[in-house]
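S.K.: If you read the sequences in order, they're chains U and L. In this text, residue positions in the first sequence follow my numbering: the first is 1, and each later residue adds one. In this text, residue positions in the second sequence follow my numbering: the first is 117, and each later residue adds one.
Hints may contain errors.
[To be verified] Computed, partial: chain L to chain U, Cβ under 10 Å:
hint, residue
1, 152
2, 159
3, 166
4, 170
5, 171
6, 172
7, 174
8, 177
9, 186
10, 188
11, 218
12, 221
13, 224
The set of hints was computed from the structure by calculation and includes no laboratory data. Nothing here was measured: the structure is a model prediction, and the numbers come from that model. Cβ coordinates follow ideal geometry from the N, Cα and C atoms, glycine included.
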Amino acid sequence: DAGVIQSPRHEVTEMGQEVTLRCKPISGHNSLFWYRQTMMRGLELLIYFNNNVPIDDSGMPEDRFSAKMPNASFSTLKIQPSEPRDSAVYFCASSRTSGGARETQYFGPGTRLLVL
Amino acid sequence: AQSVTQLGSHVSVSEGALVLLRCNYSSSVPPYLFWYVQYPNQGLQLLLKYTSAATLVKGINGFEAEFKKSETSFHLTKPSAHMSDAAEYFCAVSVGGGATNKLIFGTGTLLAVQP
Chain U
1 DAGVIQSPRH
11 EVTEMGQEVT
21 LRCKPISGHN
31 SLFWYRQTMM
41 RGLELLIYFN
51 NNVPIDDSGM
61 PEDRFSAKMP
71 NASFSTLKIQ
81 PSEPRDSAVY
91 FCASSRTSGG
101 ARETQYFGPG
111 TRLLVL
Chain L
117 AQSVTQLGSH
127 VSVSEGALVL
137 LRCNYSSSVP
147 PYLFWYVQYP
157 NQGLQLLLKY
167 TSAATLVKGI
177 NGFEAEFKKS
187 ETSFHLTKPS
197 AHMSDAAEYF
207 CAVSVGGGAT
217 NKLIFGTGTL
227 LAVQP
C-alpha cells in the first residue's frame, strides 16, 4: 500500500515567489489535513478537508495561503507570495472518516520549505 | 476545549532503562488519545491510540500507554529503551464530533537514548 505522497520533498525559493506543495492521500481515505511544523510553533493544523470540501481553515495563517482539493486523490497548498517566515516543514495527512474521531491520521514524509 | 500537555521537552535515558513520556489531557467529553513518533526527517507515525476500549493500550515497538481518567493522563512507557527509540514523540487528542477526527498535538518530547 502506498502511503501519503508529498512533493516536492525539498523546496528552496526566494521571497516573493509562489510555492505549490502537493499531496496525494491514501486511496480510500476521504479526509485530508495540512500541517506546518516549526521549532517555534510546533505542529499546527492549517486546514482540513472532508470529501474534498474544506471544513476548517481557521489555521491558515493569512490570505497568502490557499489550499484546494479538486478530487479525492490530489490536494495542493499554495503560498503566494512566500516570505522567509513561511520556512517550515509542511505535512499532509489523510484518514478515513467512517470511525469519526477515533480514526488514525496517516502522515506523508513532509515538504521542507526554505524561503530565502 | 480539548488540549494536551507534554511535560518535559527533552528526556534522556540510558539504553535498557525504562522510558516514561508524560501526557496530560484536558477534555470536556471522553477523549480519544494518540501517541505518534517522528524520526529525524520523517513524517509522524502512529505508535498507539486509546479509543475507550481497554485502558492499557499496547502499540508498536514495545510501547504501551495507560489511560487514567482520574489523573487525566495518558503516559507512554517502554520497559527497556533501545538506541533506535531516539526520536520525537507527540501526544494528541481528537476533537470534534461526528465524522471529524481533527487532532490537537502536544509540543512534543525529544527522547535521547545514551549507550
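S.K.: Would the stated hint for residue 224 of chain L survive a check requiring a Cβ distance to chain U of less than 10 Å?
M.R.: 6 Å, holds
S.K.: Minimum Cβ distance from residue 221 of chain L to chain U below 10 Å?
M.R.: 5 Å, holds
S.K.: Is the interface hint satisfied for residue 177 of chain L? The criterion is a beta-carbon contact with chain U at less than 10 Å.
M.R.: 16 Å, violated
S.K.: Given residue 188 of chain L as an interface hint, is the shortest Cβ-Cβ distance to chain U below 10 Å?
M.R.: For residue 188 of chain L, the interface hint is violated, since the closest Cβ of chain U sits about 17 Å away, which is over 10 Å.
S.K.: At a threshold of 10 Å, is the proposed contact between residue 186 of chain L and chain U supported by beta-carbon distances?
M.R.: 22 Å, violated
S.K.: Holds or violated: is there a CB of chain U closer than 10 Å to the CB of residue 152 of chain L?
M.R.: 8 Å, holds
S.K.: If you take the shortest Cβ to Cβ gap from residue 172 of chain L to chain U, is it below 10 Å?
M.R.: 17 Å, violated
S.K.: Min Cβ distance, residue 170 of chain L to chain U: is it shorter than 10 Å?
M.R.: 14 Å, violated
S.K.: Go through the hint on residue 171 of chain L and say holds or violated, using the shortest Cβ distance to chain U against 10 Å.
M.R.: 15 Å, violated
S.K.: Is the interface hint for residue 174 of chain L satisfied, with its Cβ closer than 10 Å to some Cβ of chain U?
M.R.: Because about 15 Å separates residue 174 of chain L from the closest Cβ in chain U, which is outside the 10 Å limit, the hint is violated.
S.K.: Please check whether residue 159 of chain L passes as an interface residue: C-beta within 10 Å of a C-beta belonging to chain U.
M.R.: 4 Å, holds
S.K.: Per the CB criterion, is residue 218 of chain L less than 10 Å away from chain U?
M.R.: 6 Å, holds
Taken one by one, the earlier hints fail for this structure at numbers 4, 5, 6, 7, 8, 9 and 10, listed in ascending order.
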